[in-house]
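Fit chain B to the supplied structure of chain A, relying on the hints for placement.
First to last, the protein sequences are chains A and B.
The first sequence lines up with residues -5 to 588 when you count with our numbering.
The second sequence lines up with residues 497 to 826 when you count with our numbering.
Please keep in mind that the hints were generated in silico from the structure rather than gathered at the bench.
Predicted model only: the values in this text are computed from it and were never measured.
Even for Gly, the Cβ is constructed at its ideal location relative to N, Cα and C.
Possibly wrong hints are sitting among the right ones.
Some chain B residues well away from chain A (every beta-carbon gap over 10 Å; in silico) [stated by the list, open to error]:
#1 R602
#2 L627
#3 V732
Now the stretches of chain A that chain B is said to cover, found in silico as 3 or more residues with beta-carbon under 8 Å [what the hints assert, rightly or not]:
#4 90 to 96
#5 159 to 172
With a straight-line Cα cutoff of 25 Å, these simulated BS3-like cross-link-like pairs (lysine-lysine) come out [claimed, not checked]:
#6 K99(A) / K821(B)
#7 K318(A) / K7(A)
#8 K318(A) / K17(A)
#9 K88(A) / K821(B)
#10 K704(B) / K99(A)
#11 K704(B) / K115(A)
#12 K217(A) / K176(A)
#13 K704(B) / K714(B)
#14 K374(A) / K554(A)
#15 K551(A) / K425(A)
#16 K553(B) / K88(A)
#17 K353(A) / K325(A)
#18 K370(A) / K580(A)
#19 K496(A) / K452(A)
#20 K553(B) / K99(A)
#21 K370(A) / K425(A)
#22 K17(A) / K7(A)
#23 K580(A) / K496(A)
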Amino acid sequence: MLSFERFWSKLAKKTEIHTIRTKLILSFLVIALIPLGIMAVFSYQTYYGSLTASVTEYAHEVVTGMGRDLDDYFSDLEMLLTREQDFYMDQLIKLVDGNDFNNRKYVFRIWEDLNNLHTVKPGLEEISLVFSNGNRFSNYGLYVLDFASFRQQFQANLQARGIAILGPHQNFLNRTVVTMVKPYESPGAETAVFMTADINLDRLAIITDIKLGTRGYVFVADKSGRIVYHPDAGRIGNTSRFYRTDLPGGFADGFTDYEHERFFLATAFSPVTGWTVVSVAYADEIGAQVAPIQRITFVVIALILVGVILLAVYLSHALSRPIKELQNLTKRAANHDLSVQIVPQGNDEIAMLGHSFNKMIARIQELMEENVREQKLLRKLEMESLDNQIKPHFIYNTLDLIIGQLESNQNEQASSLIEALGNFFRLSLSKGREIVPIASEVEHVRNYLFIQQLRHGKEYQYEVAVEQGILDKYIPRLLLQPLVENAIYHGILQANRQGKIKISGYQVESSEDIVFEIRDDGAGIEPDQLQDINEVLSGVRSLQHEREYFGLRNVNKRAKLMFGEEYGVVLQSELGRGTAAILRIKATREEPNV
Amino acid sequence: MPNCRLIFLLVLAALISLLVTVPAAADGFYEDDLTIAFLPRSLGNPIFLDAFEAAQKKAYELGVTLEWVAPFDFDSDLQVEMIENLIRRGVDGIVASVNDEEAIHRVFQKAMANGIAVATFDADSPGSGRLFHIGINNYKAGVEIGTALVNVLKDKGMEGQELDTMIMTGFREALNLEERIRGFLDATADDLKINVVSILENDDTVEKSIILLEDYLKMNPEVDVIFFVGGWPFYVTSDALPNFRQWAQAGGIAVGIDLFYDALLLQREGLIQYLIGQDMTGMGAQGMELIVNYIRYGQVPPEFVETGLEHADESNLDMLLEIHKPWLVK
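Extracted from the complex, chain A is given alone in its bound form (with noise of 0.2 Å):
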């Protein structure tokens, strides 16, 4: 079983029989053939049928001619034997019963119209006056028969009518004949005369002459189905193999089968003789008559079949090409070849889906350019979010202060900047991924608010109270610290007042979007600049320098190269009451492929 699979799966691959090509060209054979196969079996049948009843038809109507043709000459020759008080016949027939041989005037003018009769009747090998001595006045002479024999084969053979027509038998001059014989009633004849007509089989074998294949043939046979005539004369006088005597006519009509083999018969009886006309055709040369026919069937089926392989093949190939090319082209597409481009052929399905592909090529092209860009502008943006961070005087100003504390001997909070501003570089960088979980971006924030705090002499206080859930999600890294060191530099300590700045993050009810809010108690924004601030964020407004709100943009816009224009930050201010940045991001539980 196993092997038959694998067999079956070599096969299907070499053949590529998995092709759509294939399977077309096999759709296409399938579809074809079909119904080319049932109308080639149904006009078979049809065609055999057909000839079958003509045969049939035309073999009876042949013997029934035969049948027709062997009365009509069978009832000449009666005619011929029918005569009535014939003065010369009943002349010599008184000198022959009283032994008077002065008998040439009557003799001469019997053979002269015997003669005659012989002469004009085709077939009639001899035709004569019988006399009970057994003298035979013919055509050939006066000779001697055996007169007992005769007379016991007319009494057998002797019809209602009163003719009897004696079987084959060898005549005077040894030819092989039939003979119709009549009594003639002579008035006052002592003794029995009759007349005889000789019919040579040459004339059965014309009237029976009919070609049935090449090996059928027509005979004739008597009531008790003894052969009259056969085309081998040596089946003359035997009893014919078909011949049954649980048939009234002795013959069936129709199809028979004799050792082994089948043939059709039709029979035809003829009244006059007695006889049977007999047809005998092969059957198997009967459904020969039908090769021809089936030998141009079979040509036409075979060119039907090589026309529909090649239309097969052709409309397959003509299907199947596009979308091969489609195929490749899309497998080169996938190796990054997105040169790739389909010329498209026609109008059809395959164009139109060719016309798709080269457009989704393209927007792939597009796209693929423009995430370029966008991975560009986010490293850009990226590089100067960490460039505002490792800012200079940041890191002299920390650096003095660890300084002046460890000069002040303040060693514990020094090692905690350290610590802290340690930790503030590490993050930053953060290996140099791109996200890092929100529980690490916070800490970022902690680490600079705490930095921030002692750099600025504790002038405002922060909180930071971001949800437990959201801590092990992430989000792009120094997202935060921008918008803190603003609420730092532009809140609160633009407002010369102890302030406070509350960082709280949590996830939206219901949805994956997560939002910080980065609120600040500072000296807020004037409404106008604030809704400046805002169009530019959400691109109402383009810049008009490129350091213009710098840090919101920055990490604006990395928010919405990461998730999408709906995300980004939105300033909420009230001018002396304080600013709000509310950045909204998605939450994510893996790093993004970015």
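For chain B alone, coordinates are given in the frame of chain A:
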């Protein structure tokens, strides 16, 4: 006295024997049951009817069966085929008037090899080995008719002029007919200037001979002499031969072989100047007797049995018309 009684008894026995034997012979009850087949050249030539009747009578008298078979019209091949079948049927004797002298040899020899006695009448086949031939001396008959023509023409004072002559025969292969022609030409060669312009073959049939004769004379009325090698056209009355009658009345000279009642009538009308007849009756009767005697008793006949010739001219015409019976076959 006892001698007288013995003589009486012997005479009585002889009478009884005669009374028993003669009817037995007449009724044909011979134990040997012989069958003798005669083959004339054709059934359609009435000249053989004399022989037929005579043979029938003689056969009845001898107690043998007669078969008289021939093609109706002259047909050498069919005559040979018939002899083949007579051999097959086992006849005891064959007497044939031969159509084709050469062709008949093989079947004659085959018949003789089968123990059948074979003879010829009228037309012979000398090289065939047949037992005997009965008939006339055909050459002699030709000579005599030729001589008779010479005399007729001398009487008319025409012997010196060149005479266009037509000869009508049956078939050039028939030996007897050819012999007659040879004798005729030999007999006239010295005394007459015979110029044979045509030899017509009528296939031994009456009908064809009449048609040929009438057509010929219509086309060639200037012919001077006609020699009929046989009497084929003589079976009809002169009314059936208008061209011949007109030609004869215009001075045409006709002589012929075969003498019978109808021919004599034509001669009396002046259409024929001289006839020589053969004894066909004798050929039938004597031929039958000779072959039966040979078969029954081993009596070997002479190889040639001549039946003699009969002449008919103005001197004996009336007498011959009384002797010969009309045949009435036409």
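Right, here's what the structure says about each hint:
{"no.": "1", "hint": "R602", "in the structure": "holds, 17 Å"}
{"no.": "2", "hint": "L627", "in the structure": "holds, 21 Å"}
{"no.": "3", "hint": "V732", "in the structure": "holds, 14 Å"}
{"no.": "4", "hint": "90 to 96", "in the structure": "holds (count 3)"}
{"no.": "5", "hint": "159 to 172", "in the structure": "holds (count 3)"}
{"no.": "6", "hint": "K99(A) / K821(B)", "in the structure": "holds, 11 Å"}
{"no.": "7", "hint": "K318(A) / K7(A)", "in the structure": "holds, 17 Å"}
{"no.": "8", "hint": "K318(A) / K17(A)", "in the structure": "holds, 14 Å"}
{"no.": "9", "hint": "K88(A) / K821(B)", "in the structure": "holds, 21 Å"}
{"no.": "10", "hint": "K704(B) / K99(A)", "in the structure": "holds, 20 Å"}
{"no.": "11", "hint": "K704(B) / K115(A)", "in the structure": "holds, 21 Å"}
{"no.": "12", "hint": "K217(A) / K176(A)", "in the structure": "holds, 20 Å"}
{"no.": "13", "hint": "K704(B) / K714(B)", "in the structure": "holds, 15 Å"}
{"no.": "14", "hint": "K374(A) / K554(A)", "in the structure": "holds, 15 Å"}
{"no.": "15", "hint": "K551(A) / K425(A)", "in the structure": "holds, 22 Å"}
{"no.": "16", "hint": "K553(B) / K88(A)", "in the structure": "holds, 16 Å"}
{"no.": "17", "hint": "K353(A) / K325(A)", "in the structure": "holds, 16 Å"}
{"no.": "18", "hint": "K370(A) / K580(A)", "in the structure": "holds, 21 Å"}
{"no.": "19", "hint": "K496(A) / K452(A)", "in the structure": "holds, 15 Å"}
{"no.": "20", "hint": "K553(B) / K99(A)", "in the structure": "holds, 16 Å"}
{"no.": "21", "hint": "K370(A) / K425(A)", "in the structure": "holds, 19 Å"}
{"no.": "22", "hint": "K17(A) / K7(A)", "in the structure": "holds, 13 Å"}
{"no.": "23", "hint": "K580(A) / K496(A)", "in the structure": "holds, 21 Å"}
The earlier numbered hints are all upheld by this structure, with none contradicted.
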